[in-house]
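Top line first, the protein sequences correspond to chains A and B.
Quick note: the first sequence uses our numbering, first residue 1092, plus one each step.
Quick note: the second sequence uses our numbering, first residue 1092, plus one each step.
Because the hints were derived from the structure by calculation, they are not lab data.
Every value quoted in this text rests on a predicted model; they were computed, and no experiment measured them.
Quick reminder that beta carbons are idealized off the backbone N, C-alpha and C, glycines included.
Honestly, I wouldn't trust all of these hints.
To be verified - According to the in silico footprint, chain B covers these stretches of chain A (three or more CB under 8 Å from chain B):
1. 1129-1139
2. 1144-1153
3. 1170-1182
4. 1303-1313
Said to hold, decoys possible - Distance condition first, Cα-Cα at most 25 Å in a straight line; then the derived BS3-like pairs of lysine-lysine:
5. A/K1306 x B/K1148
6. B/K1308 x B/K1247
7. A/K1257 x B/K1166
8. A/K1196 x B/K1247
9. A/K1148 x B/K1306
10. A/K1306 x B/K1306
11. A/K1196 x B/K1166
12. B/K1148 x A/K1308
13. A/K1247 x B/K1308
14. B/K1308 x A/K1308
15. B/K1133 x B/K1257
16. B/K1306 x A/K1320
17. A/K1148 x B/K1308
18. A/K1196 x A/K1148
19. A/K1166 x B/K1308
20. B/K1133 x A/K1196
21. A/K1257 x B/K1196
Unchecked claim - Just a sample of chain B residues kept apart from chain A, beta carbon distances all over 12 Å, derived:
22. Q1101
23. R1110
24. E1121
25. D1157
26. R1162
27. P1169
28. D1192
29. S1215
30. R1221
31. D1273
There are 2 protein chains.
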Amino acid sequence: MHLGRHISGQFNAELEAIRTHVLTMGGLVEQQLSFAMQALHKQDIELAKKVVRDDHKVNGMEVTIDEACTRIIAKRQPTARDLRLIMAIIKTITDLERIGDVAAKIAYIAIETPSPNEQKFQVSLEPLCRRAIAMLHQVLDAFARMDTDAAAEVYKLDDDLDAEYKAVLHQLMLYMQENPQDIPNILQVMWSAQAIERVGDRCQNICEYIIYFVKGKDVRHLENDDIDKYI
Amino acid sequence: MHLGRHISGQFNAELEAIRTHVLTMGGLVEQQLSFAMQALHKQDIELAKKVVRDDHKVNGMEVTIDEACTRIIAKRQPTARDLRLIMAIIKTITDLERIGDVAAKIAYIAIETPSPNEQKFQVSLEPLCRRAIAMLHQVLDAFARMDTDAAAEVYKLDDDLDAEYKAVLHQLMLYMQENPQDIPNILQVMWSAQAIERVGDRCQNICEYIIYFVKGKDVRHLENDDIDKYI
């Protein structure tokens, strides 16, 4: 894919290397989230511990990519499209790192609450998890191709995630009222659901950076419908 | 304060203008947070509506400062200390904007739940609020002076905020178990407490950017105690 219009082949190679690193980081975060949800669902403490242990890898990648971006700005003095790409990357990795934190948080919950067993509470987090992981997967795909149409599609998926989250919340609240003795455990399930819901917001942020890079327009803080105007 | 070693007076003036803009944004966010907490505490719906209405001002400032930073990179091609300052600013405004979101969220809760009246639930959010606002105030002060010692002090205050948050959570949980009929309202108070607790994390992030700018060292993802090594 032709990403820039600069003349330096070496510069191009450096930008490509950073982009590849972001996708590797994205892949790791996706795996962490998937493992964390699996650990929570199956009460797999070993898998949860692995997620917690591996969180530092995600953090390390954020720092490394950030440094590479600062270095390339100082050395290559990029402008226009190249500079937008670097800015988009700097912001994207912050959101990816925070999704990594969500994975670690869910893993902690799986470890500390040996049997929150959401099925017992007549609710399943699985559809919520599936939606969040799908959003992350799709936004990374849109990022890889810098595809604004795909980004706009992912952006809108957050409505479904929110609706699912609200349904889960409602169900858990009813269960709490009927079974006050289970409240501490149900709250753990609620925290997990809330953390998963926030993955959707993070993915939406990344959609905005993709559109910013390609179109040169900052589409943060608009209403959903307005995003289509900039694609 | 002598912030850079560059020779261009005009460049210096541009950097100073951005820094001043960040402090203005910080002041607005502090006011928003303070008003939101006041609105929640006193059930002042009008004040809460004002906070929600004014959130777009915070968002607009983030976009404007971001654009100014990108422009200055393209035009002035900063390196070393100047570039670190711009990077620190780009990250700081993201956290300030999210603290603005917290204020808006608390204001929404104040509007949608006309009488969560935390006193009724034998818990007060006031000490938590006071701590969060104090942390924000102090970190903005540290940012204004680019004072790493002050940043390290603020960083450590988060432990107290966390402890206070956990105490509030525990109290609310007990109250829920005894009064299941109040659960929906208590959950609203819990969401508010959680949002306030997160202000502390955001302030810690800003501390890290101050240290990054002054010392040139990325101190994210370290343990609390390690931060002192870099001051």
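Checked hints:
no.	hint	result
1	1129-1139	violated (count 0)
2	1144-1153	holds (count 4)
3	1170-1182	holds (count 7)
4	1303-1313	holds (count 3)
5	A/K1306 x B/K1148	holds, 24 Å
6	B/K1308 x B/K1247	holds, 18 Å
7	A/K1257 x B/K1166	violated, 47 Å
8	A/K1196 x B/K1247	holds, 21 Å
9	A/K1148 x B/K1306	holds, 24 Å
10	A/K1306 x B/K1306	violated, 36 Å
11	A/K1196 x B/K1166	violated, 42 Å
12	B/K1148 x A/K1308	holds, 19 Å
13	A/K1247 x B/K1308	violated, 38 Å
14	B/K1308 x A/K1308	violated, 32 Å
15	B/K1133 x B/K1257	holds, 23 Å
16	B/K1306 x A/K1320	violated, 43 Å
17	A/K1148 x B/K1308	holds, 19 Å
18	A/K1196 x A/K1148	holds, 15 Å
19	A/K1166 x B/K1308	holds, 19 Å
20	B/K1133 x A/K1196	violated, 33 Å
21	A/K1257 x B/K1196	holds, 16 Å
22	Q1101	holds, 18 Å
23	R1110	holds, 19 Å
24	E1121	holds, 20 Å
25	D1157	violated, 7 Å
26	R1162	violated, 10 Å
27	P1169	violated, 8 Å
28	D1192	violated, 10 Å
29	S1215	holds, 20 Å
30	R1221	holds, 25 Å
31	D1273	violated, 9 Å
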